[in-house]
Amino acid sequence: MIAFLKRQGAFFNPSHSTSRPLSSHSLMSSHKSTSYLMLAIAYGVLLFTLTDELMAWVIVLGMCALVVRVLVFLKSSQLPHSRTINLLAVLSLFALTWFGFSIGLLNSMINLLAVAFALKLILLDSKRDFHLLFCTSLFLIGCGFISALSMVAWVGYLGVLIFLLLALAYYHGPVTPFSSSAKFVATLVVQAIPITALLFLVMPQLPPLWQMPTSKSQQTGLSDTVTPGDIASLAKSSDLAFTATFQSNDDIPLPQQRYWRALVMEDFNGKTWSISDRRKQAERQLSLLQKTPPLTQLLASSPASTTAYEMIVEPTKQNWLFSLALSEPDNTKNTIFVNAQFDYTLRSSTPLMSKKSFYFTYVPSATVENAAGDFERQLNSLLPATTNEETRAWALALKQQHTSPAELANAVMSYFKEQGFTYTLEPNAMPVDAIDTFLFEEKAGFCAHYASAMTFALRAAGIPARMVTGYQGGEQLDDKVLQVRQYDAHAWVEALIDDKWQRYDPTSMVAPSRLSFGLEQALADFGEKRTSGLLGDLSEGALFMTLQNWMRQMDYQWSKWILGFDANKQKDLLEDLLGQITTKKLTAVFLSSLSIVGVILLVYFFPVKRQSNLPKHQRIYRNALALVENHTGVNRHHLSPQQYLKQVDSYLTHDTKASLHSMTALFNESVYSAESDNLDKSHLTSMMKQHFDTVKKSLRQQNA
Amino acid sequence: MISIFKRTVKQRFSHRWLFLVTRWLDKRIPPASQHRLTMNNIFVLPTGFGWAFIIMSLCLFLLGTNYQNNLMVLLSYILLSVMLLTLFYTHQNFARLAVKSTPLVPFHCHQSGTFYLAIVQQDMSGGKDNLSQDTQNKPCRGNIVASWFGHKTQYPFILGATENGDAHNTTQRLPIPITHRTRGVYKLPRLTLACDFPLGLYKCWTHLDFSAEVVVYAKPLKGEVIKVTASNDDSEQNTNNAATSAQSSSDFHSLTDYKEGQPLNRVVWKQVAKNGDWVVKEFADPVQLKQLLSVDANVETETAISLLTFQVLEQSQQGNHFGLKYQSIDIEPSSGETHTHQCLTALACLRNISSPFENNANINRTGDNAQEANHDKKTSQAKKTSNTSKAARL
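Protein sequences appear in the order of chains W and U.
The numbers in our numbering rise by one with no breaks, and the one at position 35 of the first sequence is 35.
The numbers in our numbering rise by one with no breaks, and the one at position 363 of the second sequence is 1363.
Just chain U, same shape as in the assembly:
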């Protein structure tokens, strides 16, 4: 009983603590897509080895004092001075680091995605007109250990180790795996970068917020869904869209001249090779499928979402026109990558009131709401873009 009580108190305390830390960090290191490490966003503390080193120096001091041996005392002073200087060297090295986030590719919640962190060369980022000061051009060196804030798994990298061997011209990108077990749109957690160059006596670290969002799609699940074939009233759109539909589900129709922008896999390369005519295969679906996907309301929501996710992927791969209609989601049939992403995102973000997964107690609930709003904006934007693209096509 008491232990349970204790645990809850502990939990509450740690939650509170975490909240305070996050709030403080938000103030201290505000989110940005690019970070340059400075005095304000680096933390430094001795590593375990560093503490051992200090203790060893103090032991030598004691030994030297007890034996009245000045050489031992001198040795301990040298070690302490080295310790002091290394503090600055570690900081100086780490402060040379500048990193930039790259857009995150969405992934499914059973997979792991990869967040690519680009190391920015300092002298590239600094302006170089003849009125601005030139910066030091030494790069940050050593081992970088990346981890997500609040997670234990560490991903070590070596700075300056490129495949070609020349570190000067290529920008190093650190692939940092990210996993999320539940679907949704998440704010990317703070990324902790740590470095113990040059002697491993100190650890310099920072918690960076790249203000990036990651969309975690639901886990696809093969199964039955309801496919309602939509009414086929606007037939001119049909023929137009045929160009983008996959060939597997359609029959060969005719050859036409190649226009810029048409997919290269339609080009009849034999013709090109023979007489240089760029000809494109035209396909025509006898019946252009325009389906609205949905699931029976009796099916458990999470399962339904998984089923739909699978179908969306499937349909998208086949290049079909499809729309979604499930609970609050209502997406008109269309096709293309943006559309697929829109559908998957909508599925990923569907609010499941009855689901126990909902309490994936994220650190900031307020942030959740913000995400929601953000997401809404995004989907509307996505809609807009798809509309405009449609318009362009028309």
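Excised from the complex, chain W in its bound form:
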């Protein structure tokens, strides 16, 4: 970056000025400073859209640069000395390296770019630097799309792009008024849109070429550790988690069956559930041994009913995926390869950095097997040494009463049902022996509390059990589409009974409406609301609901067709248009789209022969002369018709000559005679036409 700034020094000396006419020089410099200011404003806007990625001090620095530019524009300040800026650059570099480790590679790169931009912007005084900053701001727009994926963001960034292009056009059109630059840029962008759309449809959608750094701080949705209470905070968010599209309304499973399995937590340290390190190790070993996970074999046993569906997953910046329990990934269609694991969870091969479509096949009849044998049994029987004594004792007592594991599990379930447990988003804090406190004192909690307590109790009673997190439920957008939001996050229990992992959902015992009607209804049963405040009341208005629904629909279409457009959709689209795709057809598509671009350009730029407002007979006469010119090879230039005809007389046959002469006479009469207004136009035209035909015919004969 210092080198980048040092180069500035070379440009920043007064001797670097070319001689120009004085008046135009001042005109030009005003254009220049205006476009510099426009660039600075665009940068300011970009900074505010990148607040997630940028550190606060970077934004402050950027704003300072903007202020400097405004002051320079208003001529109330000089450009600061480049030495000051170099010093600032060194300081920023230190700060960036200091914070760089905590914010991750991607974010530090974006911060570096923003800082360099700000420093360069302060000193901006040459064409070269202007171009450099222009390109950099294009890249910053690109970075904006890492986190902002909505249609609104796209339109906003397009606006910034147009503004930047306007600054560029204004810079390069030294005497063009602002309005005509604006008109030009508007035309340019409007004309670019069809070509862009065509490129988007036809250009091959490539898989990721290499692994890119991801940012640490922005992971959203479920996390790979659960402390009871975490999911409650997730419930406050109504952001979309994913959208599932089924082939028909009948394929959508019933609300009670909509368990979207994501993560399996097998390690408990007394407070927090997490994915076991031993499990991770085992998975790695198993994949090295190239064993096939059972999840990919679901369809091999040809189950009775299967349902294919597509999920558009919001970017989580994480690897794990969720699917309807249980579903087999359809990796022939997925652009990002989906790995199945032995705990029946799914991992994508790259973190989800943008909305992506995934394809699955749902097998309702499938069950979670014990895929790793004794390893799983062992792993899921472990308990931290000396906590929650009361629960342990209770579990052992239950074991005495019930002989079979299934009965015992049911007993735990019915305990929740009968002991007056309540369902709440805001339970009291339980710092010591959380499970004891929850089970025997507070008796109020959220899904993670119930799942955690039950898993612990089962393990204490000697039944291998684990906690599973994911989503439960989903709202129907239309008759094929389910939308699942962050507040649908859920946790439940799987217990290994008869060598199969059975699902137990203790929450359903306390709040049965959670499964059938969703979180809001379940909370309402207990007199609670998911969100509080003005907006919550507002969201119940009919108008608001319609508006919201409409927005959701639009967002869904946006996600499906723009964000989720991938090689698969591309293929489908082409197949819809052309039927079976062959190499020949693909080549044809490619060539024809190229020619379409050519035609578009032709339409834009081919000098349009403006339909002249000459009367028809004059046009016919002109055409006749053109024919003669073509035939004889003698150009008319600015000769009068009579002179010209004299010149070409020798080339023409008698017929042609006669017709031409009469045409000329007609023409002269119509244009120059005093009564030209009184002439019968249609008669004149037909006469002309007649003569024209004879000329044409005779010329053709002569050619033959």
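Worth double-checking, as some hints may not be accurate.
Have a look at the derived ranges for each label pair, beta carbon to beta carbon [as the list claims (entries may be wrong)]:
hint, chain 1, residue 1, chain 2, residue 2, range
1, U, Leu1020, W, Ile562, 47 to 57 Å
2, U, His1110, W, Thr34, 34 to 44 Å
3, U, Pro1106, W, Pro615, 53 to 63 Å
4, W, Leu71, U, Ser1033, 27 to 37 Å
5, U, Leu1084, W, Leu586, 21 to 31 Å
Since the hints were made in silico from the structure, they are not lab data.
Ideal placement from N, C-alpha and C gives every residue a C-beta, glycine not left out.
With chain W's structure known, arrange chain U on it following the hints.
Relative to chain W, chain U alone:
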């Protein structure tokens, strides 16, 4: 040793290359005094910024692909489409340019001359009788950078920026400085005009040959020359020519009536103001100087030419009759602007066999010869015109 060899090879190669390029250009864009830019004589390539723009678009495409982010991909497609469209816009704008050369004023080789390039309004040049098609009347806009072919110095101009502000009625003339360090008659090199309107992503340029010649006079040098006073036999010519001689070197003789064509500075304005009589002062040289200028043969040729050039300028300024006699130059005494130009040109073109300046390796040696011939024709023409003017005076 090897480096020297390399350099010569490189030089030879570049010479050859330059020759090929010039020959190709001569075919592609034939010389003319007026050029209208069309598809055939415009070159277009992205500028450095244009390449940076393309690379940035490709980077965004890669980033978008790697993050599987369609919005980034879409952005890169938009940028590429803009790039594609701008190609046509740049070309379209530049193709509206029509330029015309104006006659070049000779200059000395230590000075710089100015070549005025007139921007022709397209709709003015197109004929407008009611049978011809009317052309688009949008002018070419943006920054024009002019430079001489093979030279680095660039002269930027802004099209449409006139002092008065209204670009419609006045024809814009671009003053393009030209320097030449050696005397002689030169073919004006090709003029390179470049324009990057509207976005600076592409550079459109053309190399125009205006088939113009520039006479570069020798550098004047003050010093001694031999002035041989010519025999004063035809005395009637003397009195006639007195009218054109300067007053500094002559005495007042009489007042005569003003005849049209006589110089205005001779008019006695006091008389005109008093009683409206247009009277002209007549001067008579007691001795009309008719000198033949020459330099001693021992003096080095270049110095001699410089000395003579100075003297010619001096004599011309004083309005004297003078002639030239040096080596192959033999010009009868006379006076007037044409005569001065003839003398200076003759001096400028004098072939100096021993001079090291001769190898001003111009691109086309054949062209040099052509120039020589051309020049001969010109001087003879000039002689003819001066003769005829003399005759008229007589």
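These are the hints, each one checked on the structure:
no., hint, verdict
1, U/Leu1020 - W/Ile562: 47 to 57 Å, "holds (52 Å)"
2, U/His1110 - W/Thr34: 34 to 44 Å, "holds (43 Å)"
3, U/Pro1106 - W/Pro615: 53 to 63 Å, "holds (55 Å)"
4, W/Leu71 - U/Ser1033: 27 to 37 Å, "violated (51 Å)"
5, U/Leu1084 - W/Leu586: 21 to 31 Å, "holds (23 Å)"
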